[in-house]
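*Asks:* Residues per chain, in single letters:
Protein chains: 4
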Amino acid sequence: MSGSIFGKHFRVSTFGESHGRALGAIIDGCPAGIKITSDDIQIELNKRKPGTQNIYTARKEDDRVEILSGVFNGMTTGTPISLIIYNKDERSRDYDNIKNVYRPGHADYTYDQKYGFRDYRGGGRASGRETAARVAAGAIAKKILYAFNIDILCYTYSIGDICIDETKIDKSKVYENAVRMPDTQAAKLAKEYINSIRKEGDSVGGIVRCIIDHLPPGVGEPVFEKLEAVLSQAIMSIGATRAIEFGAGFDIANMRGSQANDNFRIDRHGNWEKGSNHAGGIGGGISDGSPISFRVAFKPTPSISLRQSTITNDMENTSIQIRGRHDPCIVPRAVPVVEAMTAIALVDLLFSHCLSRIDLMQKILL
Amino acid sequence: MSGSIFGKHFRVSTFGESHGRALGAIIDGCPAGIKITSDDIQIELNKRKPGTQNIYTARKEDDRVEILSGVFNGMTTGTPISLIIYNKDERSRDYDNIKNVYRPGHADYTYDQKYGFRDYRGGGRASGRETAARVAAGAIAKKILYAFNIDILCYTYSIGDICIDETKIDKSKVYENAVRMPDTQAAKLAKEYINSIRKEGDSVGGIVRCIIDHLPPGVGEPVFEKLEAVLSQAIMSIGATRAIEFGAGFDIANMRGSQANDNFRIDRHGNWEKGSNHAGGIGGGISDGSPISFRVAFKPTPSISLRQSTITNDMENTSIQIRGRHDPCIVPRAVPVVEAMTAIALVDLLFSHCLSRIDLMQKILL
Amino acid sequence: MSGSIFGKHFRVSTFGESHGRALGAIIDGCPAGIKITSDDIQIELNKRKPGTQNIYTARKEDDRVEILSGVFNGMTTGTPISLIIYNKDERSRDYDNIKNVYRPGHADYTYDQKYGFRDYRGGGRASGRETAARVAAGAIAKKILYAFNIDILCYTYSIGDICIDETKIDKSKVYENAVRMPDTQAAKLAKEYINSIRKEGDSVGGIVRCIIDHLPPGVGEPVFEKLEAVLSQAIMSIGATRAIEFGAGFDIANMRGSQANDNFRIDRHGNWEKGSNHAGGIGGGISDGSPISFRVAFKPTPSISLRQSTITNDMENTSIQIRGRHDPCIVPRAVPVVEAMTAIALVDLLFSHCLSRIDLMQKILL
Amino acid sequence: MSGSIFGKHFRVSTFGESHGRALGAIIDGCPAGIKITSDDIQIELNKRKPGTQNIYTARKEDDRVEILSGVFNGMTTGTPISLIIYNKDERSRDYDNIKNVYRPGHADYTYDQKYGFRDYRGGGRASGRETAARVAAGAIAKKILYAFNIDILCYTYSIGDICIDETKIDKSKVYENAVRMPDTQAAKLAKEYINSIRKEGDSVGGIVRCIIDHLPPGVGEPVFEKLEAVLSQAIMSIGATRAIEFGAGFDIANMRGSQANDNFRIDRHGNWEKGSNHAGGIGGGISDGSPISFRVAFKPTPSISLRQSTITNDMENTSIQIRGRHDPCIVPRAVPVVEAMTAIALVDLLFSHCLSRIDLMQKILL
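Sequence lines, in order, name chains A, B, C and D.
Our numbering applies: residue 6 is where the first sequence begins, and numbers increase by one.
Our numbering applies: residue 6 is where the second sequence begins, and numbers increase by one.
Our numbering applies: residue 6 is where the third sequence begins, and numbers increase by one.
Our numbering applies: residue 6 is where the fourth sequence begins, and numbers increase by one.
Extracted from the complex, chain A is given alone in its bound form (with noise of 0.2 Å):
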């Protein structure tokens, strides 16, 4: 498993499993001079706790981050900044019931394909409490992005077949409600939704949405950095997504040309503008200064209360309910997560732009 740096100027390494000790990340790579406090990457991590509402698993994730290294007197000294998060829930449980059979729709099996063993103990490393580490991770990028007046903003588009109204949302309600929609009328049908699900043990998917302001024009690499393909690949690294979509994604293979392209044209105050965004702001790979745009589906969370059939690992047919208490919907606490990965993404592309010209990087070293 040599996949767990992401980046190349602003690296992040992450370590952990489930009910292993701790989990973490190390930063290689981020400027100094940048004000952080473990508190500004407690405000993040306690965006993908559970919610006060019944829809969430009751399971206590009292996660709390340390800062082990590369901050001094509330800034970053530009070495290598090491994040921790303790597991308080580590003490063996009895996973008899999991240990050696595969749960459809888990890791399970193909953990063991790859590594002969596994870690079982509640997923190990396949488990979505993996993804604290990236949002510990993004809460630094985020701080960069706001030294350059970026700004991410990711919601709940729909869970199951509940959507929100995207042409009167309010940004500010994202977080006020347990689903993380901001519609608070769909916000509250979909909580509804969750719990009758939940009821009858099973679980549901949805889809986040992503939007990404004031990035300046020139961000993204070609031909394999783009800024799309960057970006698709720290999305659909998170556990759980089936497929993203920029701009008018999808429906764009059925428009036409005329109809696809964004127009440009300078407005009566002298200002460029576009007529349409069907890209999603970005051209050839890189962004254009209009709002980037994109869509990811999460599936149903596989843990669920319903028998189901499956094998055992020495390989017999048998069937499984699976205890404990799971979310039913997965989207709410992957918002957080799409928005820490954005942000890890944009801030390594982001470097790799400061080094595109030579005229521009002479302010820097003349």
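Source of the hints: derived by calculation from the structure; they are not laboratory data.
Computed from a predicted model, the values in this text were never measured in an experiment.
Keep in mind that the hints are not guaranteed to be accurate.
A pair counts as met if it fits within one copy or between any two copies, since identical chains are not told apart.
Result set (DSS-like, lysine-lysine): computed pairs, CA atoms no more than 25 Å apart in a straight line [stated by the list, open to error]: (1) LYS368 <-> LYS13; (2) LYS193 <-> LYS204; (3) LYS368 <-> LYS148; (4) LYS40 <-> LYS368; (5) LYS54 <-> LYS193; (6) LYS40 <-> LYS104; (7) LYS13 <-> LYS178; (8) LYS279 <-> LYS104; (9) LYS13 <-> LYS176; (10) LYS93 <-> LYS148.
Given chain A's structure and the hints, the job is docking chains B, C and D onto it.
*Replies:* Coordinates of chains B, C and D only, in the frame set by chain A:
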């Protein structure tokens, strides 16, 4: 632009502008002992040539690839393989109509924003012609996949709203028609549709399907280089892509867990199988041994002969009518490019996977 | 500071300042199936602890390492291995004498120049204490080398002008004396010499020798990752190094070809051998199967109690007398660090080598 | 062989065998806006051509470099720059005397061990001819350094025991004599010495000195990409190198701290200076603004016409007398190669350094 190298172990570095001297690729990290000739690569390159049918542009791209290094006596030596394709059509044309105007849907504007100026001849590096180097490198990657019995099948799934019937596809037909559809009837309709679109001076988009067969279980490197993450980067780095989905894709967001989970079972002959494949052959970012399946959306060709409003590089409003013959649909020519990028990404992940267990590595070195 | 990750396949990411909360390392790309305990790592860490003899600083560095992830039931799982060493001695001391003064021979000045300010507590990340993380990660690398029967022997070759007699070295003695010399007589002289130097308030440098045995032929990746190139980067990244030489080293510049060339021959038993080893076991950047040998020069400890003239960070002339007890010679403590970095570099190149021939890779995947 | 790409930001990928079709390089990550012509590169390539004096081989290497991409209207565009040098002398010669024999001091044996077979024509990729691609890429790197006023001076320090007098060197003389010595008298002696060595059918080694002037303070990325570490990898990756030392080098091992420490001081004009430069301009792996200085040892040319005992690839004892005219000393031709690799490594580290402080980056992006 520091993004023209793909991969960690099998590293493909491409270069070349549409109307520069040449395009090409260097592959660093190709193992020794693979039989390869320039004909093997030429066969792949020919797949992206315009068809003989009148649906395609008349530009004669007689791309001839040459191997400059890394192959001796018909066998890869382990040293970097250099592939070159000279541009026949390099002569200085009249670019006055595009030199100072930003074509809608093209990368003219973003390149100028990023680099301060651009090579405006034929789109420079942002031209679809850049993909020739990808296809050439992909031919080597495919040779490696064959050595492990891994197959990739790509085809046109839809053009506009003309969609193939996937219940009765015939793989052998893909390269027998100009639209790369494995369904003769749909292919006929699609050709007629493209012709009518061209007559209107417009263009149309479509969807490509890719299926990977016989990929061994275990391929994919959590947590950032999961199989779907790396494939997403590889595919979304191709020009004109706007969306990618694996397995059930966006539809999974509306499923319940009891429906979305792919159950494992042992059949009467003792073989492992799954009841469904909504996950697209991937669990926890690692291949499970079943077919990998994904779909990619391509936008309509941005070059259309209908007059479009746009701006000049002096930021004045203007309009443009793009001269010359352009493909009204790039989807058929994208099919071998999707295949090539899939092959390149898979080889890189296969190589990572070779390093995942000490007992397997001892087989090589002891 | 984007340079705290070493390696391509076996990637070691370190963090930590001298007087911060903790130091540590994450290893991404360690194969599954290697038996390891924290004791295995502790043994290596103890090798860099000050000896009991009075030649060393009295600072009690009771470094205890903990494994936070990547090991389950005593076996590596293939996921990232996180190692942590908490600093016992984190309390805020009086740093007033070094806070505003640039100590000669230290990195105070260059860190301020690079980052605008620095963590001045005990040298921050530029402290020799940083090497604890290297040694911890190196312990894992050594476990991997053992799985392939590869041995590394490092020892002190000289301290000042006290040099061991390499014709009669006894490997078992290296860690039996405080100066890490495999020659009891030289060790005795060196200890006396170091003691006399300390009494004068001064310090002294020395040379470390490293010999790698049983490295299979074929290791090293031309043209930029040749065996000697990667080892040079690894070793010269250790603080206080100033020179490295392989085989005959600088002496080769004064040899003739007829003398310098190592002749191959087959001995009476049919075994391959060489008449000499001036090349240090490397041909064209690739191991030839004979012992790899190199020497590294370390400068004297920069912290001395003699008064030195220097400048303040306000760019005023001043002088400084460095308080506290410091090792008058860092060479003995550098020996396990050279060993660790050699192990880390070798593992990474061994892994690259596993991917050099298609027939060998088929052994793993078919 | 996955080692033919150097650098993280300014990435140089080289290819080519001695008697293959061509050699060349792709540079990914060169900023836009640098004026460059093929003549600028040709000037550098000519520096490694054999001199007109009879001390060099008669082989006519009329290397002509062509720029295939990445430059438009005489300016770099930010896209990959591809450089190609066709081999004139590709015709199939008679290689029977080296095809089945392992030449002492050459890489024939190790390449066969690594890859199972080799391109035996003229040494294949292990030939010194590979360095032509390094010099071509280095020419671009030097253009970038000039934009920041950074100078590199390389020259022959010694050939055998003929050493220049460094107290009275004249930079302008380096390329005025065939041995690349900035000391006319030593140059004359060295030429005579090389001629006498050649008459004996033997060869000789030597030492190259490199001095970097006007490098700003702050360059180098602790802890693994320190300035001396990256330079060491870059330089030790050149064929025939055996040792490198910075500043006082190996001599520092025998110094005391009071002697080795370079004291800082402010001179009467308020300028920063150092009392000595034993560290070679580097502190803690970071440049301090004073000149960087290192020396590199090169072994004698392995190809000599004296008969040498060796083995065949069937592992039988034999002897070989190497035909053809070979340089009896490669040191002079190594001088521009050391310069090129130094330039490439410095550019990559300069680019890293641009990303070290948020306030500096804001100058670019805000």
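*Asks:* For LYS193 and LYS204, with the copy left unspecified, which applies at a CA distance of at most 25 Å: within, between, both, or neither?
*Replies:* Within one copy, since 17 Å is at most 25 Å while 51 Å is not.
*Asks:* Have a look at LYS40 and LYS104 and pick one of within, between, both or neither, based on CA distance no larger than 25 Å.
*Replies:* Only across copies: LYS40 and LYS104 sit 21 Å apart there, 45 Å inside one copy, limit 25 Å.
*Asks:* With 25 Å as the alpha-carbon cut-off, assign the pair LYS93 and LYS148 to within, between, both or neither.
*Replies:* neither (28 Å within a copy, 31 Å between copies)
*Asks:* For the identical chains here, do LYS40 and LYS368 meet the 25 Å Cα criterion within one copy, between copies, both, or neither?
*Replies:* both (23 Å within a copy, 18 Å between copies)
*Asks:* I want to check one pair: LYS279 and LYS104. Are their C-alpha atoms no more than 25 Å apart within a copy, between two copies, both, or neither?
*Replies:* between (56 Å within a copy, 20 Å between copies)
*Asks:* Indicate which option fits the pair LYS13, LYS178 if close means a Cα-Cα distance not exceeding 25 Å: within, between, both or neither.
*Replies:* neither (35 Å within a copy, 42 Å between copies)
*Asks:* State whether the alpha carbon distance between LYS13 and LYS176 is at most 25 Å within one copy, between copies, both, or neither.
*Replies:* neither (32 Å within a copy, 39 Å between copies)
*Asks:* Using 25 Å as the alpha carbon limit, work out where LYS54 and LYS193 are close: within a copy, between copies, both or neither.
*Replies:* within (19 Å within a copy, 54 Å between copies)
*Asks:* Is the C-alpha distance from LYS368 to LYS148 at most 25 Å within one copy, between copies, in both cases, or in neither?
*Replies:* both (23 Å within a copy, 17 Å between copies)
*Asks:* Since the copies are identical, ignore which copy is meant and state whether LYS368 and LYS13 lie within 25 Å (CA to CA) inside a copy, between copies, both or neither.
*Replies:* Classified as both; 23 Å inside a copy, 21 Å across copies.
Figure legend: structure checked against the earlier numbered hints; hints not met, in rising order: 7, 9 and 10.
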